[in-house]
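Trainee: Given next are the chains, with one letter for each unit.
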Amino acid sequence: MSAFRRLVLRDLRLAFRQGGDAAMVVGFFVLTIVLFPFGVGPEPALLARVAAGILWVTALLAALLSLERLFQADWEDGSLEALALMPLPLEAQVLAKCLAHWLVTGLPLVLVAPLLGLLLHLDAAGYPVLVLSLLLGTPSLSLVGAIGAGLSLGARRGGVLLSLLVLPLYIPILIFGVAAVEASIGGFAARPHLLLLGAFLAGALPLAPLAAAAALRQALE
Amino acid sequence: MPAPSPQPPLGFAGLRLACRRGERLVFAGLDFALPPGGALLLTGPNGSGKSSLLRLMAGLTRPEAGHLVWNGAPIAEDPAAHRARLHFIGHQDAVKPVLTVAETLAFWAGMRGGGDVASGLQRFRLAALAAWPCRLLSAGQRRRLALARCVASPAPLWLLDEPANGLDAEALTDLLAAIAEHRAAGGAVALSTHATLPLAGAAELSLTAFARRAA
Chain L
1 MSAFRRLVLR DLRLAFRQGG DAAMVVGFFV LTIVLFPFGV GPEPALLARV AAGILWVTAL
61 LAALLSLERL FQADWEDGSL EALALMPLPL EAQVLAKCLA HWLVTGLPLV LVAPLLGLLL
121 HLDAAGYPVL VLSLLLGTPS LSLVGAIGAG LSLGARRGGV LLSLLVLPLY IPILIFGVAA
181 VEASIGGFAA RPHLLLLGAF LAGALPLAPL AAAAALRQAL E
Chain G
1 MPAPSPQPPL GFAGLRLACR RGERLVFAGL DFALPPGGAL LLTGPNGSGK SSLLRLMAGL
61 TRPEAGHLVW NGAPIAEDPA AHRARLHFIG HQDAVKPVLT VAETLAFWAG MRGGGDVASG
121 LQRFRLAALA AWPCRLLSAG QRRRLALARC VASPAPLWLL DEPANGLDAE ALTDLLAAIA
181 EHRAAGGAVA LSTHATLPLA GAAELSLTAF ARRAA
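Chains as they are written, first to last, in the working numbering: chain L, 1 to 221; chain G, 1 to 215.
The set of hints was computed from the structure by calculation and includes no laboratory data.
Incorrect hints may appear among the rest.
[Claimed, not checked] Covered stretches of chain L (in silico footprint by chain G; criterion: 3 or more residues with CB under 8 Å from a CB of chain G, positions within the stretch not fixed): (1) 1-10; (2) 81-91; (3) 199-206.
Ideal Cβ placement from N, Cα and C applies to all residues, glycine included.
With these hints in hand, go ahead and build the complete structure from the sequences.
Mentor: So this is what it looks like as structure tokens:
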């Protein structure tokens, strides 16, 4: 088994044994979305108008919740130091950890989002694109978030710092994610927005691990 | 200290090393040589830079001045090759509470391309605990598990930061035996210690001589 796969499997195993992260992220996602009909009122027309935005913003915040722990536990118990000295380059290790993070937190969000769309009276035309845009966008959330998680390592109140660092970088993902869903509901082509989401992911895939690995090396100095 | 020899010796060596932590110059002008099969005992009071030197040797930090060479080639030229030839066991044990002892060792050995997990467990008397989740281990047992990583996947250079911390007399014997086997096979080891460890033919490097006052 390659070292890359081994690291992914270890992180998945840790996530399942600890059981916290995935459940917490999905729980946060569901509960927050359920709050909106209480807050803005149960009018279907109003909810349908803001459904795409609410789903995307909440998905973004839910992903952010779990990012603080991405390197924190490994950093605290010395695993990160040991990992940095393994033959597998740190950049590849960051990619492996992002993949595991996405499988545990991003993928469940993609799967429950359509159900929550029902709750918000999302227009029927929006569902396929909602799932597709989240599929393309949530991996970027994990990747870009890894940079923030690396930079905020060791900082007091790292979670707040992480949000301040990462949320501005999430804006393009949010804009094109929501725009894709709205376009499909309005009868326009969602393709350009999805392509831009894909381009963002294609850029983040090589660049985010480079930046995050540099941040981790800095933290280990 | 003696000037660096013109013919670079076989093994691991540091030439005129200086280390800075933040604003503070921890040590400067430090030379060491660690031939294959050799052992280097780092001694000195708290804060004299034993851990800093080990982290420098591992390549986790870069020296402020001077350089480290392996068989005559600077390690900065090929960090990946240097990582592949060393084991670094720091203060922390890198043990996950929810993984079992065997899983932990198998993971770390696997990250280095495989190894002999059973012999690592055997060497530090962990075989009976193999199926235990690590959260049940005592501090000494966790330390033994960390040290077992060195035995489970071979590497020519061991860098051990206070390896004897938390070990009982029996485990200390295991550690010394593991180091002796490693050296007999041509491996080198550098370790920091407060206790006096009976290592045959070990060179002692006291960091007090190189300590610098706060800059």
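Trainee: Each of the hints needs a verdict: does it hold here or not?
Mentor: For each hint, the structure was consulted:
1. 1-10: holds (count 5)
2. 81-91: holds (count 9)
3. 199-206: violated (count 0)
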